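*Asks:* So the protein lines, in turn, are chains G and D. To convert a position in the first sequence, counted from 1, into the numbering used here, add 7. To convert a position in the second sequence, counted from 1, into the numbering used here, add 23.
Any given hint could be a false lead.
To be verified - Covered stretches of chain D (in silico footprint by chain G; criterion: 3 or more residues with CB under 8 Å from a CB of chain G, positions within the stretch not fixed):
1. 32-45
2. 63-75
What the hints assert, rightly or not - Think about it this way: if two alpha-carbon atoms lie no more than 35 Å apart in a straight line, the pair counts; the simulated DSBU-like pairs of lysine-lysine are:
3. D:Lys32 x D:Lys93
4. D:Lys37 x D:Lys94
5. G:Lys56 x G:Lys67
6. D:Lys94 x D:Lys32
7. G:Lys63 x G:Lys84
8. G:Lys63 x G:Lys118
9. D:Lys93 x D:Lys80
10. D:Lys32 x G:Lys67
11. G:Lys75 x G:Lys118
12. G:Lys67 x G:Lys84
13. G:Lys75 x G:Lys63
14. D:Lys32 x G:Lys75
15. G:Lys59 x G:Lys75
16. G:Lys84 x G:Lys56
17. D:Lys80 x G:Lys59
18. D:Lys80 x G:Lys75
19. D:Lys37 x G:Lys56
20. D:Lys94 x D:Lys80
21. G:Lys118 x G:Lys67
22. D:Lys32 x G:Lys56
23. D:Lys32 x D:Lys80
24. G:Lys56 x G:Lys75
25. G:Lys59 x D:Lys94
26. G:Lys84 x G:Lys118
27. G:Lys84 x D:Lys37
28. D:Lys94 x G:Lys67
29. G:Lys63 x D:Lys37
30. G:Lys118 x D:Lys37
31. G:Lys56 x D:Lys80
These are calculated hints, taken from the structure and not from any lab test. Everything numeric in this text was worked out from a predicted model, so none of it was measured. By construction, the Cβ of each residue, glycine as well, lies at the ideal position given by its N, Cα and C atoms.
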Amino acid sequence: GNSVTQMEGPVTLSEEAFLTINCTYTATGYPSLFWYVQYPGEGLQLLLKATKADDKGSNKGFEATYRKETTSFHLEKGSVQVSDSAVYFCALTPYNNNDMRFGAGTRLTVKP
Amino acid sequence: NAGVTQTPKFRVLKTGQSMTLLCAQDMNHEYMYWYRQDPGMGLRLIHYSVGEGTTAKGEVPDGYNVSRLKKQNFLLGLESAAPSQTSVYFCASSSRDSHPYEQYFGPGTRLTVT
Numbered sequence: 008g009n010s011v012t013q014m015e016g017p018v019t020l021s022e023e024a025f026l027t028i029n030c031t032y033t034a035t036g037y038p039s040l041f042w043y044v045q046y047p048g049e050g051l052q053l054l055l056k057a058t059k060a061d062d063k064g065s066n067k068g069f070e071a072t073y074r075k076e077t078t079s080f081h082l083e084k085g086s087v088q089v090s091d092s093a094v095y096f097c098a099l100t101p102y103n104n105n106d107m108r109f110g111a112g113t114r115l116t117v118k119p
Numbered sequence: 024n025a026g027v028t029q030t031p032k033f034r035v036l037k038t039g040q041s042m043t044l045l046c047a048q049d050m051n052h053e054y055m056y057w058y059r060q061d062p063g064m065g066l067r068l069i070h071y072s073v074g075e076g077t078t079a080k081g082e083v084p085d086g087y088n089v090s091r092l093k094k095q096n097f098l099l100g101l102e103s104a105a106p107s108q109t110s111v112y113f114c115a116s117s118s119r120d121s122h123p124y125e126q127y128f129g130p131g132t133r134l135t136v137t
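Build the full structure now, drawing on both the sequences and the hints.
*Replies:* Here's what the structure looks like:
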């Protein structure tokens, strides 16, 4: 079945450090891939998405590239800020299907 | 523009009690979903609906029922609450016309069953 595996946290970084959160997936066909972010006490917000191989999603300085050969969608940011502290979820939906599957989430804490 | 709202925000139940969670969206979305979020497990789909009057089971439907009598509302019911249903519940919605099916989430309901 379809599933997402993301790196376990928590991740603690200093401000301006480089961030990578790994995400790999298992799916048939060509799923769409997403990163959602959850700030404390809030619901999930879409951070970025990609719908086909080699697509790069980007938003607020975050980037992720859809790599079909490695079935990965790693999240990166060149210089994190304290305000980026949140839980990040990788997710997928199969092609033409709204059955979204989420990873377990990775908690990021950025210290000043 | 409220987006997706959930009522209540917090609730404590005793084992065996029943309750209904209400989700409302004002984006005219066709699809609506109920998820539960547990530590270390991400979000898991409980039930979903692709339109008014239709519902379907998700990954973890046991112990829950749902109804979609109006397009903008999606109700999640617990008939006899159990401690295993202690969780944070999220409602989401998406448009049939969007690709991919980007989901918009409510703020969540924290439920504790004692």
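*Asks:* So, for every hint listed, does it hold in this structure?
*Replies:* Each hint, compared with the structure:
no., hint, in the structure
1, 32-45, "violated (count 0)"
2, 63-75, "holds (count 8)"
3, D:Lys32 x D:Lys93, "holds, 21 Å"
4, D:Lys37 x D:Lys94, "holds, 31 Å"
5, G:Lys56 x G:Lys67, "holds, 13 Å"
6, D:Lys94 x D:Lys32, "holds, 22 Å"
7, G:Lys63 x G:Lys84, "holds, 13 Å"
8, G:Lys63 x G:Lys118, "holds, 28 Å"
9, D:Lys93 x D:Lys80, "holds, 18 Å"
10, D:Lys32 x G:Lys67, "holds, 29 Å"
11, G:Lys75 x G:Lys118, "holds, 34 Å"
12, G:Lys67 x G:Lys84, "holds, 9 Å"
13, G:Lys75 x G:Lys63, "holds, 12 Å"
14, D:Lys32 x G:Lys75, "violated, 40 Å"
15, G:Lys59 x G:Lys75, "holds, 8 Å"
16, G:Lys84 x G:Lys56, "holds, 15 Å"
17, D:Lys80 x G:Lys59, "holds, 28 Å"
18, D:Lys80 x G:Lys75, "holds, 30 Å"
19, D:Lys37 x G:Lys56, "violated, 41 Å"
20, D:Lys94 x D:Lys80, "holds, 18 Å"
21, G:Lys118 x G:Lys67, "holds, 19 Å"
22, D:Lys32 x G:Lys56, "holds, 29 Å"
23, D:Lys32 x D:Lys80, "holds, 24 Å"
24, G:Lys56 x G:Lys75, "holds, 14 Å"
25, G:Lys59 x D:Lys94, "holds, 31 Å"
26, G:Lys84 x G:Lys118, "holds, 15 Å"
27, G:Lys84 x D:Lys37, "violated, 44 Å"
28, D:Lys94 x G:Lys67, "holds, 33 Å"
29, G:Lys63 x D:Lys37, "violated, 48 Å"
30, G:Lys118 x D:Lys37, "violated, 40 Å"
31, G:Lys56 x D:Lys80, "holds, 26 Å"
Going down the numbered hints, you'll see the structure goes against 1, 14, 19, 27, 29, 30, while the others check out.
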